[in-house]
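Residue numbers (the working numbering), protein chains in the order written: chain E, 291 to 640; chain V, 291 to 640; chain L, 291 to 640; chain A, 291 to 640.
Simulated from the structure, these hints should not be mistaken for laboratory data. Hints are supplied without guarantee of correctness; some may be wrong.
Unchecked claim - Straight-line alpha carbon distances no greater than 20 Å define the calculated DMTMM-like cross-link-like pairs of lysine to aspartate or glutamate that follow:
no.: 1; chain 1: A; residue 1: K551; chain 2: L; residue 2: E369
no.: 2; chain 1: A; residue 1: K551; chain 2: L; residue 2: D534
no.: 3; chain 1: E; residue 1: K551; chain 2: V; residue 2: D298
no.: 4; chain 1: A; residue 1: K312; chain 2: A; residue 2: E369
no.: 5; chain 1: L; residue 1: K551; chain 2: A; residue 2: D534
Stated by the list, open to error - Covered stretches of chain A, going by a simulated chain E footprint (3 or more residues, C-beta under 8 Å):
no.: 6; region: 495–504
no.: 7; region: 513–522
Every residue, glycine too, gets a C-beta built ideally from N, C-alpha and C.
Number of protein chains: 4
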Amino acid sequence: MLVVMMNDATDAQIARVVDVIKEMGYEGRPMPGAQRTTVGLVGNDGRVDGSRFESLDGVAEVIHVSRPYKQVSREWRQENTLVTIAPGVVFGGSEIPIIAGPCSVESEHQIVLAAQQVRDAGGSALRGGAFKPRSSPYSFQGLGKKGLELLALARRETGLPIVTEALDDEGAHLVAEVADCIQVGARNMQNYSLLRTIGRLGKPVLLKRGMAATIVDLLLSAEYLLAEGNTQVILCERGIRSFDPSTRNLFDLTAIPLVQKLSHLPMVADPSHGTGLRDKVIPMGRAAIAAGADGLLVEMHPSPDNALSDGGQSLYPDQLARLVREARAIADAIGRSITSVPGTAPVAQG
Amino acid sequence: MLVVMMNDATDAQIARVVDVIKEMGYEGRPMPGAQRTTVGLVGNDGRVDGSRFESLDGVAEVIHVSRPYKQVSREWRQENTLVTIAPGVVFGGSEIPIIAGPCSVESEHQIVLAAQQVRDAGGSALRGGAFKPRSSPYSFQGLGKKGLELLALARRETGLPIVTEALDDEGAHLVAEVADCIQVGARNMQNYSLLRTIGRLGKPVLLKRGMAATIVDLLLSAEYLLAEGNTQVILCERGIRSFDPSTRNLFDLTAIPLVQKLSHLPMVADPSHGTGLRDKVIPMGRAAIAAGADGLLVEMHPSPDNALSDGGQSLYPDQLARLVREARAIADAIGRSITSVPGTAPVAQG
Amino acid sequence: MLVVMMNDATDAQIARVVDVIKEMGYEGRPMPGAQRTTVGLVGNDGRVDGSRFESLDGVAEVIHVSRPYKQVSREWRQENTLVTIAPGVVFGGSEIPIIAGPCSVESEHQIVLAAQQVRDAGGSALRGGAFKPRSSPYSFQGLGKKGLELLALARRETGLPIVTEALDDEGAHLVAEVADCIQVGARNMQNYSLLRTIGRLGKPVLLKRGMAATIVDLLLSAEYLLAEGNTQVILCERGIRSFDPSTRNLFDLTAIPLVQKLSHLPMVADPSHGTGLRDKVIPMGRAAIAAGADGLLVEMHPSPDNALSDGGQSLYPDQLARLVREARAIADAIGRSITSVPGTAPVAQG
Amino acid sequence: MLVVMMNDATDAQIARVVDVIKEMGYEGRPMPGAQRTTVGLVGNDGRVDGSRFESLDGVAEVIHVSRPYKQVSREWRQENTLVTIAPGVVFGGSEIPIIAGPCSVESEHQIVLAAQQVRDAGGSALRGGAFKPRSSPYSFQGLGKKGLELLALARRETGLPIVTEALDDEGAHLVAEVADCIQVGARNMQNYSLLRTIGRLGKPVLLKRGMAATIVDLLLSAEYLLAEGNTQVILCERGIRSFDPSTRNLFDLTAIPLVQKLSHLPMVADPSHGTGLRDKVIPMGRAAIAAGADGLLVEMHPSPDNALSDGGQSLYPDQLARLVREARAIADAIGRSITSVPGTAPVAQG
């Protein structure tokens with residue numbers, strides 16, 4: 291339930307609404323907007339009688355949120371949420387950051403070189419897995435804590451903020467110490483315990499859509515993060531399961547405008563996992579920008595043929611540069627722009 | 291099997307290859323390319339011994355086509371096939387035609403008005419169903435032959451070529467008399483009898499991907515048309531079945547670069563059926579162009595709220611104009627362009 | 291809309307209801323039931339005002355059918371429809387016929403031998419394709435008319451009724467002359483033109499579910515047959531498309547009780563196409579009977595390793611005998627029985 | 291890689307093979323079989339040269355396991371693994387246990403009554419969630435530790451062993467103290483961190499197939515448990531995502547014989563989640579038994595209409611009794627039997 295205050299509602303009137311909500315056994319959360327404040331009611335399960343609020347001073351309207359999610363909805367917040375993972379690297383505004391890097395952190399040489407190549411190609415954040423969720427227990431599982439240290443080193447060398455995945459509670463705390471943005475992978479999208487832990491860590495989160503998740507499922511999982519008080523959440527389309535073996539996953543780009551209509555959270559796209567095919571990453575990265583994506587997440591490796599994981603879908607460094615160039619042209623065409631590399635002048639990337 | 295001739299192979303050498311194929315009980319089909327001629331062997335089922343050709347004069351190479359389809363493959367023909375449905379309306383080149391119009395032809399007033407609106411908005415072909423495949427036998431099934439006459443009238447008034455669907459043999463002959471391009475709908479993609487009939491009619495064909503068809507299934511269905519001697523075939527992504535009810539279908543844009551790599555045939559996209567949601571047609575139409583689509587097929591109705599079918603996914607006329615504008619900007623960004631309205635001056639196209 | 295007459299309604303009262311429906315521009319179809327007659331209104335698209343009927347003499351109730359299908363629904367007819375394809379071979383009652391035979395008719399020797407083996411194994415009808423829908427135009431397409439003649443010969447030799455597929459209008463007429471039941475394959479489930487033609491041929495029809503068809507889609511396609519006046523329709527689950535390549539299709543056995551609740555038509559299952567794996571046909575055939583299937587359709591070939599199509603999923607003759615034995619045990623366990631071979635005593639099949 | 295020893299291989303010869311594997315940097319794990327011992331090599335990622343073993347004394351054969359999973363495979367262990375969760379409640383043998391109970395533990399009265407009803411109906415284990423994974427953070431999340439205590443109480447009252455779900459590391463330790471079998475839910479099937487933790491707890495595990503998991507994915511997840519030394523693993527089919535909204539999930543019964551062929555682990559089925567519809571649970575439970583399921587997992591609630599979760603798919607107590615009766619008839623028909631209630635004589639359940 292949302293209690294929308296009048297444009298000229300006083301602080302005291304807002305406080306009164308919060309108090310009444312508290313008396314009813316719930317929590318009231320005031321959200322100041324551009325013109326007026328809305329007070330959201332959390333802690334309920336959809337069965338609250340709102341009539342008591344309609345007679346309070348300063349209340350313009352009581353909205354019963356009919357959707358199963360709440361704080362992630364456009365009804366809860368009309369303006370786009372801007373998620374800032376580093377100075378100048380903002381998701382949800384008119385600028386579109388490109389996050390790139392290898393599937394896994396493999397060595398100091400590899401990740402520092404990759405970071406430099408990402409920056410040179412025009413990417414504005416570095417991805418790279420230290421903890422890897424692998425279908426087989428016998429596959430390479432990532433360098434773990436050592437991988438995080440190498441990511442921090444790569445950031446010092448290049449200035450690029452770090453996006454990396456956490457797989458469990460212990461790892462989440464380690465990742466939070468180093469990363470600028472904590473990734474929750476597709477396989478863990480409905481690991482609600484992990485979502486709750488990460489929701490409390492106070493870091494931006496990139497939440498990937500599960501392989502069988504509907505748009506509503508994705509928004510409900512994001513709701514777990516917001517319910518813990520973290521609104522710095524980026525959603526990510528990365529392909530879903532389908533019957534056609536032509537591609538690793540089925541890249542559902544319509545998810546971008548769907549999510550953007552239903553939610554105020556930024557929505558990015560991962561054409562590397564979305565297609566699983568290196569030569570499809572550029573056209574589908576362009577398509578994601580054209581569909582309105584608020585960012586791209588792509589795999590690039592200094593030497594894809596020697597990658598320990600996902601080599602077949604990783605771009606070569608010069609392909610990343612080409613993707614950024616083409617993404618920039620598409621962004622221009624729809625009145626947006628690609629985020630400049632942190633710490634360099636935009637001119638340098640022309 | 292493909293017998294690739296040397297660049298300087300003589301006509302006599304090519305004829306000899308065709309003769310040997312005939313002696314073996316198959317048909318040899320010479321295909322002159324930009325630099326050299328390739329002779330395709332048709333009529334077999336993949337079990338031909340090619341060693342006999344390797345010793346013939348003028349033969350550079352014998353390629354065994356491993357894929358289940360053959361004449362639709364890039365191995366069979368390296369250059370893009372250009373499909374021309376009217377002067378200046380060509381699919382597969384650098385220009386991208388936009389086909390638009392109502393789901394169904396409903397009346398003279400409606401279809402002529404729609405055609406004018408399509409032309410004014412920048413579309414270069416008119417779509418509109420005279421024969422409608424409907425899930426329920428009690429739903430509106432189209433105006434039939436009368437609908438075809440109205441489409442011909444709309445063409446006379448606007449100069450726009452006509453794309454319309456055929457559902458059966460009898461209808462296919464009727465459609466072929468009027469239409470500039472015969473559409474085979476998703477439900478009939480594996481109606482092989484209909485494909486054979488239409489393959490013999492000598493008209494360009496637009497073949498839509500079935501709701502559960504893989505890319506290979508789609509190419510195999512196209513092979514039925516080419517096997518009848520018709521190479522003027524346009525393929526179309528229009529969404530496949532998925533588990534998420536958020537959209538009518540799941541619009542698989544990766545199908546565009548996939549098909550373009552495997553086949554020489556042009557591939558267009560239908561964001562109206564692909565999403566089923568009016569407000570998603572523009573972003574996903576943009577995305578299709580960015581992914582490399584060779585054309586768009588979109589539903590527009592003069593008055594969507596009164597449409598007899600598919601009103602909810604039909605654009606308003608001014609939305610079509612906006613889609614064309616935005617598609618043009620995207621096309622420019624990737625070095626292509628949107629096809630101009632035929633003749634530019636409507637009178638010139640009569 | 292359904293007009294339910296009182297138990298003691300007179301013929302004149304029923305005729306009056308039919309007349310009123312006719313005056314309204316629709317067709318009234320009286321359906322005598324065990325206790326009372328219901329008059330169905332056909333030709334409308336769901337927007338009829340039923341108030342006029344409520345005041346007519348003898349009318350007990352007016353039911354507005356809310357589902358998109360009508361004549362196939364349990365609301366339209368409460369009792370199971372029994373479909374008889376030959377004396378003693380009835381679908382929809384307590385007996386369960388087993389239809390078996392090769393994918394394709396290949397030769398006189400093959401089909402007659404197969405028919406004898408089916409009969410000896412306890413099957414009660416013969417399947418075998420004369421017209422084959424094949425993904426590739428270069429694959430074996432069936433013997434056509436010659437295949438139908440061989441099926442007729444096999445029937446004369448064994449007494450087994452024939453179930454065989456029609457692919458187009460011309461073929462449907464040929465099939466209708468020979469077959470006891472015309473099969474419509476999964477690829478043609480939404481070939482509405484073919485459904486209309488077959489609906490008028492006056493022969494029992496076996497309609498297979500399409501690979502991406504929902505239960506509602508299947509019922510709507512059946513409605514096309516009933517709308518032409520043919521109520522002798524058997525529905526068939528044969529697997530749908532899924533993301534798991536472990537099996538050729540995903541065999542959806544829940545479709546059986548779903549259809550049986552929504553419709554009065556019998557529902558059979560095809561575990562051969564449903565799984566695509568010979569060693570899964572027996573357990574899944576058992577499971578289909580346990581789920582309540584009104585029949586089985588299975589592929590058996592005298593020599594699967596030499597089959598021209600679908601050899602890998604065809605049972606060996608002794609495996610068919612085992613399937614029938616196990617199906618019989620399951621049927622007994624749920625109070626049903628497997629149909630005896632026509633013209634033989636049940637004992638002979640033990 | 292598997293090193294199969296000769297029937298008369300000595301302990302010293304087996305020890306030598308283990309030593310050689312150790313010298314190569316891996317771990318050798320001897321597995322005595324009915325006739326001969328096999329030594330499995332673990333710790334590798336598929337690239338081991340096995341030629342060295344072929345010349346060792348007592349070695350019969352070296353098998354390179356080509357599948358991505360290893361210890362769960364039939365190649366690794368030919369005999370069925372029997373998983374015993376309580377005396378007489380064994381999965382994987384000829385007896386088939388039925389696990390039943392409410393979705394969630396709601397109160398002492400509810401769970402004790404449910405347990406009595408399960409026992410009276412013929413079930414042999416009690417299910418009930420103390421920790422519930424819910425799509426929405428605002429839905430009832432289970433009673434937690436209190437719920438576990440109530441489950442223990444219900445066990446004391448009825449003698450039924452307990453199967454209940456763990457959602458995270460902390461919960462897994464709590465569940466392990468109380469439960470006889472720890473359930474890993476579909477949403478956590480690829481929560482590899484949780485699988486590792488649970489693999490080390492030394493309790494039987496019931497692992498549910500994820501909503502988009504292939505059979506191979508399921509087996510790979512089970513491999514995580516076995517890789518930690520726990521072989522007491524039961525797999526469970528519970529429905530996957532599909533395009534048809536008729537049912538909550540698509541119940542893939544073919545998964546049962548598929549898993550049983552590829553793996554030695556028992557495979558059970560959950561028709562409650564598999565269909566999501568109360569009236570489909572009985573026919574599909576029967577079908578699962580007929581397909582060869584090694585157990586059933588069903589939801590039953592003393593008062594489904596008042597259930598806090600999943601009421602619509604929960605059986606009434608008398609429906610559970612009917613399901614057990616019908617399952618027993620089906621089991622008899624295929625030469626198996628339904629497990630008797632622990633602590634009661636089989637006669638009492640007739």
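Verification of the hints:
Only pairs whose Cα atoms come within 20 Å are accepted, and K551 of chain A paired with E369 of chain L is rejected, the gap being roughly 41 Å. Annotation: proposed proximity of K551 of chain A to D534 of chain L holds, straight-line Cα distance about 16 Å (limit 20 Å). The hinted pair formed by K551 of chain E and D298 of chain V fails the criterion: a straight-line CA distance of about 60 Å is larger than 20 Å. With a CA separation close to 27 Å, the supplied pair K312 of chain A and E369 of chain A exceeds the 20 Å bound.
Taking the CA atoms of K551 of chain L and D534 of chain A, the gap is near 16 Å; set against the 20 Å cutoff, the hint holds. Using a Cβ-Cβ cut-off of 8 Å, 3 residues of the region 495–504 of chain A lie near chain E, which meets the minimum of three, so the contact claim holds. Using a Cβ-Cβ cut-off of 8 Å, 3 residues of the region 513–522 of chain A lie near chain E, which meets the minimum of three, so the contact claim holds.
Taken one by one, the earlier hints fail for this structure at numbers 1, 3 and 4, listed in ascending order.
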